[in-house]
Amino acid sequence: MGILEVKNVGKRFGGLKALDNVNLNVMENTVHAIIGPNGAGKSTLLNCLIGKLIPDTGSVMFDGQSVLGRKPHEINQMGISRVFQTPEIFGDLTVFENVMIPIFAKRDGAFRMHAIESVRRETDIVEAAEAMLADVKMLEKRDAHAGSLSRGDKRRLEMAMCLCQQPKLLLLDEPTAGMARADTNNTIDLLKEIKASRPITMCIIEHDMHVVFSLAERITVLAQGTPLVEDTPENIKGHPKVKEAYLGEAAH
Amino acid sequence: MLGLQAKDFRLLLIVVAMTMLAPFILNPFPVNSAMAQFNAGYPDLMQRFVIFGIFAIGFNILFGLTGYLSFGHAAFLGVGSYAGVWMLKLLTMNVVPAILLSVIVAGLFSVIVGYVSLRRSGIYFSILTLAFAQMSFALAYSVLTPLTNGETGLQLSLDDPRVLGVTQVDGTIPAPHLFGASMRASYDLVLGGWQFTFNVGYYLSAVVLVLAFYLAIRIFRSPFGLMLRAVKSNQQRMSYTGLNLKPYMLAAFVISGMYAGLAGGLMVAMDPLAGAERMQWTASGEVVLMTILGGAGTLIGPVLGAGFIKYFENIFSKINDTVLHQWFGFMPDGLEDVVVFIVHPFIGKGWHLTLGLLFMLVVIFLPGGLVQGGQKIGGLFRRKAPADDSATRKQPAE
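Same order as they appear, the protein sequences are chains A and B.
Numbering-wise, numbering that gives the first Met the number 0 puts 165 at position 166 of the first sequence, and it's gapless, one number per residue.
Numbering-wise, numbering that gives the first Met the number 0 puts 113 at position 114 of the second sequence, and it's gapless, one number per residue.
If you're looking for bench data, these hints aren't it; they were derived computationally from the structure.
For every residue, glycine included, the Cβ atom is placed at its ideal position computed from N, Cα and C.
Take the hints with a grain of salt, since some may be wrong.
Sample of chain B residues at the chain A side, in silico, Cβ under 8 Å [unchecked claim]:
1. G2
2. A5
3. A130
4. Q133
5. L225
6. S232
7. Y239
8. T353
No more than 25 Å apart at the CA atoms, straight line, and that leaves these computed lysine-lysine pairs for BS3-like [unchecked claim]:
9. A:K51 with B:K245
10. B:K245 with B:K6
11. B:K348 with B:K317
12. B:K6 with A:K70
13. A:K194 with A:K153
14. B:K317 with A:K51
15. A:K167 with A:K105
16. A:K105 with A:K51
17. A:K194 with A:K136
18. A:K242 with A:K194
19. A:K51 with A:K70
20. A:K191 with A:K167
21. A:K236 with A:K191
22. B:K245 with A:K105
23. A:K167 with A:K236
24. A:K140 with B:K348
25. A:K105 with A:K16
26. A:K191 with A:K16
27. A:K240 with A:K191
28. A:K191 with A:K153
29. B:K231 with A:K70
30. B:K231 with A:K140
31. B:K231 with A:K153
32. B:K317 with A:K105
Some chain B residues judged to face chain A by a derived CB distance under 10 Å, without partners named [claimed, not checked]:
33. I218
34. R228
35. A229
36. P246
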């Protein structure tokens, strides 16, 4: 039994078959990577998981419950947090406020108004946010404007915002896209740290083979909307079908 | 103090001082001096300052915190006014029930408008609110005449039933009062050449403004306020953070609609009549101008903006060519006429032109409004003091 089970998912956009009969099983507390050439349907699949798109066929079960038809905020409440391709943070607010918001969201559910008491008086939340910032080594930047952070710090902050909700599943959409090699390696180290320090399942959609092979325990290769193979990194590396669909394409 | 940070408490004290001492602050010139026409300390205008201040504070809770630009907030003010007048007509001339009903009716109306308008964001939201306001205006002006008395406007009359009060006093309509204290009662203090007027209606409005301002500070500093600022900053992240945006936005919309209703109720308490023109889009636009001019998203900005615009509307518009000729009388005749000719378009009926130019200057050079201007000036002085860079840093959510 996986924590995330995708069964026979299909999605069409007009005449284009973006996803065709996709099956995916992400086991609890593993790092699972989904790779594939451009247009393979990786992003469409991700959007089906987080409630942005509803697949035409099939089912998506998370932790024994269907996520289909639920709003993004409901899916987040179930325990799925998402890291975006470009870090999505609250740029106008301070780093500290950025981390407090997801903790409030976790505590208050979808909607509960606390319009009179001061944020500073919410000592539980303040302490939790401080602990989280210390965890990602950003405590000294707590009063900085989030929008003025470097790209690497923004990514770090976004991770902190996801992790402070103690998600069961962390979805990462090309977390190192457009990054310099040094930043990429920092991100890999950060993810490894996160993985080592707590029980968490990660599902990474990634282009960069270096990232995938440094982190993933299982890899699913997607091509033209269907999974080609699912296996361990060692076996994927030498798989002829993968070479043909993925590495072959990368060669020209 | 009062559950506020020291900085916010100082701001509250400033507002308390400004409102309570307004009769002095706004009347700096002796009655018989040439500058007396710049005095703004008469009850009618002071009431307008604080009432529009309340309106702008409420508007800022929506626009300043969430960034949703409503172009129909005058509708809530108008609805509140009508509700207030009806209360004065039917129940009692005591203003408390009238103001309460204004707030409630405006709140209910804003639930409906907000529920529909908040299905869209950005420009579409603005257009939806504008459409609602213009619909309300058109309805009040024509179809709903039995309720609103159409283009004449809803007024008190000599045969209002008034269940808990009297219909007439000595053959005239009684004045609105607060437990017996007439809104029109004033006390004049004459000190040398100066005259200061203390009006009951003004002080009622001023106390309400202080309370409204205090509540706004609490909302700004609360988790709810933080969520609204997060909505403004990044909606994408917000919806993947487990919060349901719609009820938060609707709550902000209704709160700001109720502030508008409160302003409408106070207007009626000061002067018991309500007309459809109060709901027109120009009135909605005015509160947008006030908020942006003062500094959207800042606490005190909207109050300053409201005072600024109302001052212009009432004082600048009274300067005419005769006054100009007096001012420039020291110049040689030909030059005097030229100067008056140049200044003429900007004064009197042309006050909109001056306001428009000032508004453009503020938006271009001080996007944070008058508050940012104040901070810049404060920063100039403070830079001389050693190592206090935190105070000069731009603080948008103050």
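For each hint, the structure was consulted:
1. Interface hint status for G2 (chain B): upheld, as the beta-carbon distance to the closest one in chain A is roughly 6 Å, under 8 Å.
2. The interface hint given for A5 (chain B) is broken, as the beta carbon of that residue sits about 12 Å from the closest beta carbon of chain A, more than 8 Å.
3. This hint is violated: A130 (chain B) has a C-beta 27 Å from the nearest C-beta of chain A, more than the 8 Å allowed.
4. The beta carbon of Q133 (chain B) is not positioned within 8 Å of any beta carbon in chain A (closest approach about 31 Å), and the interface hint is therefore violated.
5. Taking 8 Å as the C-beta contact cut-off toward chain A, the hint placing L225 (chain B) at the interface holds, the least distance being around 6 Å.
6. Residue-level restraint check for S232 (chain B) holds (minimum Cβ-Cβ distance to chain A is 4 Å; threshold 8 Å).
7. Proximity of Y239 (chain B) to chain A holds as hinted, the smallest CB-CB distance being about 5 Å (cut-off 8 Å).
8. With a least beta-carbon distance of about 33 Å to chain A, the hint placing T353 (chain B) at the interface is violated under the 8 Å criterion.
9. Distance restraint check for K51 (chain A) and K245 (chain B): the Cα-Cα separation of roughly 17 Å lies within the 25 Å cut-off, and the hinted pair is therefore satisfied.
10. Proximity of K245 (chain B) to K6 (chain B) is assessed by CA-CA distance (about 32 Å); at most 25 Å being required, the pair is judged violated.
11. For the hint pairing K348 (chain B) with K317 (chain B), the CA-to-CA distance comes to about 8 Å; that is within 25 Å, so the pair holds.
12. Restraint check for K6 (chain B) and K70 (chain A): not satisfied, since their Cα atoms lie roughly 40 Å apart, outside the 25 Å limit.
13. Between K194 (chain A) and K153 (chain A) the alpha-carbon distance is near 19 Å, which keeps this suggested pair within the 25 Å criterion.
14. The hinted pair formed by K317 (chain B) and K51 (chain A) fails the criterion: a straight-line CA distance of about 58 Å is larger than 25 Å.
15. For the given pair, K167 (chain A) sits about 13 Å from K105 (chain A) by alpha-carbon distance, which is consistent with the 25 Å threshold.
16. Distance hint between K105 (chain A) and K51 (chain A) is fulfilled; the C-alpha atoms sit about 20 Å from each other, no more than 25 Å.
17. Distance check on the hinted pair: K194 (chain A) and K136 (chain A) sit about 16 Å apart at the alpha-carbon level, within 25 Å; holds.
18. Proposed proximity of K242 (chain A) and K194 (chain A) is contradicted: the alpha carbons are some 29 Å apart, above 25 Å.
19. Between the alpha carbons of K51 (chain A) and K70 (chain A) the distance comes to roughly 8 Å, so the proposed pair stays at or under 25 Å and holds.
20. As the CA atoms of K191 (chain A) and K167 (chain A) are separated by approximately 16 Å, the hinted pair is consistent with the 25 Å bound.
21. Straight-line distance between C-alpha atoms of K236 (chain A) and K191 (chain A) comes to about 21 Å, which keeps the hinted pair within the 25 Å bound.
22. The suggested pairing of K245 (chain B) with K105 (chain A) holds, with an alpha-carbon distance near 17 Å, which does not exceed 25 Å.
23. Note on K167 (chain A) and K236 (chain A): the hinted pairing is violated, with a Cα-Cα distance of about 29 Å set against a maximum of 25 Å.
24. Our distance criterion of 25 Å between C-alpha atoms is broken by K140 (chain A) and K348 (chain B), whose separation comes to about 53 Å.
25. The suggested pairing of K105 (chain A) with K16 (chain A) is violated, with an alpha-carbon distance near 37 Å, which exceeds 25 Å.
26. Pair hint K191 (chain A) plus K16 (chain A) does not hold up; C-alpha atoms about 35 Å apart against a cutoff of 25 Å.
27. Annotation: proposed proximity of K240 (chain A) to K191 (chain A) is violated, straight-line Cα distance about 29 Å (limit 25 Å).
28. Straight-line distance between C-alpha atoms of K191 (chain A) and K153 (chain A) comes to about 18 Å, which keeps the hinted pair within the 25 Å bound.
29. This hinted pair checks out: K231 (chain B) and K70 (chain A) have alpha carbons roughly 20 Å apart, not beyond 25 Å.
30. Taking the CA atoms of K231 (chain B) and K140 (chain A), the gap is near 22 Å; set against the 25 Å cutoff, the hint holds.
31. Distance hint between K231 (chain B) and K153 (chain A) is fulfilled; the C-alpha atoms sit about 18 Å from each other, no more than 25 Å.
32. Of the supplied pair hints, the one linking K317 (chain B) and K105 (chain A) is violated, its CA atoms being roughly 57 Å apart against a limit of 25 Å.
33. Satisfaction of the interface hint for I218 (chain B) is found here, the shortest Cβ-Cβ separation to chain A being roughly 5 Å, below the 10 Å cut-off.
34. The closest approach between the C-beta of R228 (chain B) and any C-beta of chain A is roughly 6 Å, which is under the 10 Å cut-off, so the hint is satisfied.
35. Hint status for A229 (chain B): holds, given a least beta-carbon distance of 5 Å to chain A, under 10 Å.
36. For P246 (chain B), the suggested interface contact is upheld, since its CB lies about 4 Å from the closest CB of chain A, less than 10 Å.
Hints 2, 3, 4, 8, 10, 12, 14, 18, 23, 24, 25, 26, 27, 32, counting from the list given before, are not met by this structure.
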